[in-house]
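Quick note: the sequence shown uses this note's numbering, first residue 8, plus one each step.
Some hints here could point you the wrong way.
[Claimed, not checked] Derived DSBU-like pairs (lysine-lysine); straight-line CA-CA distance at most 30 Å:
hint : residue 1 : residue 2
1    : Lys408    : Lys524
2    : Lys213    : Lys187
3    : Lys408    : Lys572
4    : Lys345    : Lys524
5    : Lys395    : Lys345
6    : Lys429    : Lys317
7    : Lys328    : Lys576
8    : Lys149    : Lys213
9    : Lys347    : Lys524
10   : Lys524    : Lys351
11   : Lys245    : Lys220
12   : Lys149    : Lys187
13   : Lys228    : Lys345
[Claimed, not checked] Quick list of simulated restraints, FRET-style, between CB atoms:
hint : residue 1 : residue 2 : range
14   : Phe70     : Arg177    : 31 to 39 Å
15   : Ile396    : Asp224    : 20 to 28 Å
16   : Gln369    : Gly427    : 17 to 25 Å
17   : Leu415    : Thr581    : 38 to 46 Å
No lab work stands behind these hints: they were computed from the structure.
Note that the coordinates shown come from a computational prediction; the quantities given were computed from them, not determined experimentally.
Ideal Cβ positions, reconstructed from N, Cα and C, are used throughout, including at glycine.
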Amino acid sequence: MRSLILLLLLNCFNNVVWGQNPNLRRICPNGKDNELFWNNPNYGCSTFWFYIIWERKGNTGPFLPIDTIYNLNTSNYLHANATPPLSEPNSYYFIERRDSCTSPYNHYSDTLLVDVIPPNITELDSVSVDIVTNKVVLGWRKNTSPDFDKYMLYYLDGGFFVAMTPSETRDTFVTDLGSKNPSSESISYNINTRDSCGKSPAYEKKHSTIYLKTSIDTCAKTSNLTWSHYVGWNAIAKYYIFCKINSGNFSLIDSVIGSQNSYTTPILLGNTYTYFVRAIKDTIIFISSSSNTASVTSRLRIDPTTSYIKYVTTDLSQPEKIEFSFSTTTNEEASSYKVKYFNKSLSNVGEIPLSKNDLNTQIETGIINNDRYLFFIESYDLCDALTKISDTSTNILLAGKDSLGIRLLNWNSYFTWNTGVKDYIIYRGTGSDGNISFSNLVTITDTNYIDTETGVNIQSDGLCYYVVARNNADTTIVSKSNTVCLSANFVQYIPNAFAPDGYNKTFKPIGSLINEKLSRMKIYNRWGMLIFESDLVQGWDGKDNAGNICQEGIYFYQIDFISTKNEQKSKNGTVTLLR
Numbered sequence: 008m009r010s011l012i013l014l015l016l017l018n019c020f021n022n023v024v025w026g027q028n029p030n031l032r033r034i035c036p037n038g039k040d041n042e043l044f045w046n047n048p049n050y051g052c053s054t055f056w057f058y059i060i061w062e063r064k065g066n067t068g069p070f071l072p073i074d075t076i077y078n079l080n081t082s083n084y085l086h087a088n089a090t091p092p093l094s095e096p097n098s099y100y101f102i103e104r105r106d107s108c109t110s111p112y113n114h115y116s117d118t119l120l121v122d123v124i125p126p127n128i129t130e131l132d133s134v135s136v137d138i139v140t141n142k143v144v145l146g147w148r149k150n151t152s153p154d155f156d157k158y159m160l161y162y163l164d165g166g167f168f169v170a171m172t173p174s175e176t177r178d179t180f181v182t183d184l185g186s187k188n189p190s191s192e193s194i195s196y197n198i199n200t201r202d203s204c205g206k207s208p209a210y211e212k213k214h215s216t217i218y219l220k221t222s223i224d225t226c227a228k229t230s231n232l233t234w235s236h237y238v239g240w241n242a243i244a245k246y247y248i249f250c251k252i253n254s255g256n257f258s259l260i261d262s263v264i265g266s267q268n269s270y271t272t273p274i275l276l277g278n279t280y281t282y283f284v285r286a287i288k289d290t291i292i293f294i295s296s297s298s299n300t301a302s303v304t305s306r307l308r309i310d311p312t313t314s315y316i317k318y319v320t321t322d323l324s325q326p327e328k329i330e331f332s333f334s335t336t337t338n339e340e341a342s343s344y345k346v347k348y349f350n351k352s353l354s355n356v357g358e359i360p361l362s363k364n365d366l367n368t369q370i371e372t373g374i375i376n377n378d379r380y381l382f383f384i385e386s387y388d389l390c391d392a393l394t395k396i397s398d399t400s401t402n403i404l405l406a407g408k409d410s411l412g413i414r415l416l417n418w419n420s421y422f423t424w425n426t427g428v429k430d431y432i433i434y435r436g437t438g439s440d441g442n443i444s445f446s447n448l449v450t451i452t453d454t455n456y457i458d459t460e461t462g463v464n465i466q467s468d469g470l471c472y473y474v475v476a477r478n479n480a481d482t483t484i485v486s487k488s489n490t491v492c493l494s495a496n497f498v499q500y501i502p503n504a505f506a507p508d509g510y511n512k513t514f515k516p517i518g519s520l521i522n523e524k525l526s527r528m529k530i531y532n533r534w535g536m537l538i539f540e541s542d543l544v545q546g547w548d549g550k551d552n553a554g555n556i557c558q559e560g561i562y563f564y565q566i567d568f569i570s571t572k573n574e575q576k577s578k579n580g581t582v583t584l585l586r
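Throw the hints in and build the complete structure from the sequences for me.
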């Protein structure tokens, strides 16, 4: 019994090892030739005789031997000119091996048809940018073709697909290690499959990465994202938008529908914002693709919020006009400033545009200081948005009155300075024709004063006064009032003739307390036509406003006088021009 079992085991061992059939792997067409490939493991037999290659053309008929191979180590065979007639398009092969080690002494492979069918199509699932490495990762499902060798990968370059790096793989995902940069463009890829005979299906469907771009609007304080749509899917369900601030972690901030490829999100200036978007395929199976990362950086802007009026004062030259100066407490960034002013009835009188070049300079307003005004500064940032309205300031309007030799002065309190007014200095002077010499009379803290001094030499312009307010924190910063003149009569003398070519060359009224720059004179010819108009500083030289010499004759005048105390008188009459 033991001998029988041992004999059976030895017989099985011989059939399995020594009698193993050759493994015909594939038959690949190559033009008119067919090439056979097989495996022939070392089966332990030392008396190998030969291989016989058998072929049958067509689906019926006998197999015929076409060649004999005597080299045991041979594993392929080229059947030259093997193309069958068109009526018999198929060729079948098998291999017979003969030796003397076992009985029977011939061993057969399986019968195979020439491989003319390419493997199944492989389609990319997605191409996605790795947000850490900025490299594109390609993924797909495993090809289930019986004869599968490798996947071949390509990217689009200049309108043609070229092999990427690596170009071939047997895995189901790969990272593009080439020089293409997904942060500068959308990159298109394709995949194909090859069998062991090198055959591939005729297929081309590109998948393109999402290319994200960002811009920043520092005025609106927003980041603006735009991206190219993912290409390769039938539909996109949605895009998720991720963001991180500075060195933080990415977090989901929003999602948009799959047809949208732009998004705007608010930011805080002075930070770096980094974004990426992730497309979700419109399918039951979760498939996604991430874009490149894109960043925006903004600096922290110093908006103008500290501007203030340093002072409002009066230029004491004739005519007395209001001036002001403004400043800031920081090196703020402003596109422009505006000073606006209102009269005492709080109706808007006007505005003056300013720039940073006007900071800490004395700016003329063109307003004559004969009324009280309120001033404030509007500051506009680099986006021309109003960011600050300063505190209100005012001019000092001085008024005076004669009463039985006593001169009564009063003025409004000056308010501009946070530290307040230290004091008011009253200046007094006298003179004629507007040439007044002033000196310090008294320093007080009230806003009214009675000048009772007698025996003062009063000239034709009377006794004139103005007030200076001093800053409590810095007495070099001051505000001057207008000038008023008292203790003199407002008198006008008008000549009745003049000779431009003679001794009296100009027609000009004279008198006391006349404000020549504010007073106006108009000259009409005998037909009532206005030929000349000006103030009283120069007078009329006998020429019209165009510079033409007027003829000798009688002319009509209308003169509106304004005194240095703001009194008004109007006179009209005739004057004779002599040649």
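Outcome of the hint check:
1. Distance check on the hinted pair: Lys408 and Lys524 sit about 22 Å apart at the alpha-carbon level, within 30 Å; holds.
2. For the hint linking Lys213 to Lys187, the alpha-carbon distance of about 16 Å falls within 30 Å, and the restraint holds.
3. Proposed proximity of Lys408 and Lys572 is supported: the alpha carbons are some 9 Å apart, at most 30 Å.
4. For the proposed pair Lys345 and Lys524, the alpha carbon gap of about 29 Å is at most 30 Å, so the pair holds.
5. A C-alpha spacing of about 11 Å is found between Lys395 and Lys345, which places the hinted pair at or below 30 Å, so the restraint holds.
6. For a cut-off of 30 Å, the pair hint linking Lys429 to Lys317 stands: about 15 Å separates their Cα positions.
7. A threshold of 30 Å between alpha carbons decides the hint, and for Lys328 with Lys576 the separation of about 22 Å falls inside it, so the pair holds.
8. With a C-alpha separation of about 18 Å, the suggested pair Lys149 and Lys213 falls inside the 30 Å cut-off, and the hint holds.
9. Pair hint Lys347 plus Lys524 holds up; C-alpha atoms about 26 Å apart against a cutoff of 30 Å.
10. Restraint check for Lys524 and Lys351: satisfied, since their Cα atoms lie roughly 24 Å apart, inside the 30 Å limit.
11. The suggested pairing of Lys245 with Lys220 holds, with an alpha-carbon distance near 18 Å, which does not exceed 30 Å.
12. With a C-alpha separation of about 26 Å, the suggested pair Lys149 and Lys187 falls inside the 30 Å cut-off, and the hint holds.
13. For the hint pairing Lys228 with Lys345, the CA-to-CA distance comes to about 24 Å; that is within 30 Å, so the pair holds.
14. Between Phe70 and Arg177 the CB atoms are about 35 Å apart, so this pair conforms to the stated range of 31 to 39 Å.
15. Range check, Ile396 to Asp224: about 25 Å between beta-carbon atoms, so the 20 to 28 Å window is met.
16. Range check, Gln369 to Gly427: about 22 Å between beta-carbon atoms, so the 17 to 25 Å window is met.
17. For the hinted restraint 38 to 46 Å between Leu415 and Thr581, the CB-CB distance of approximately 40 Å keeps it satisfied.
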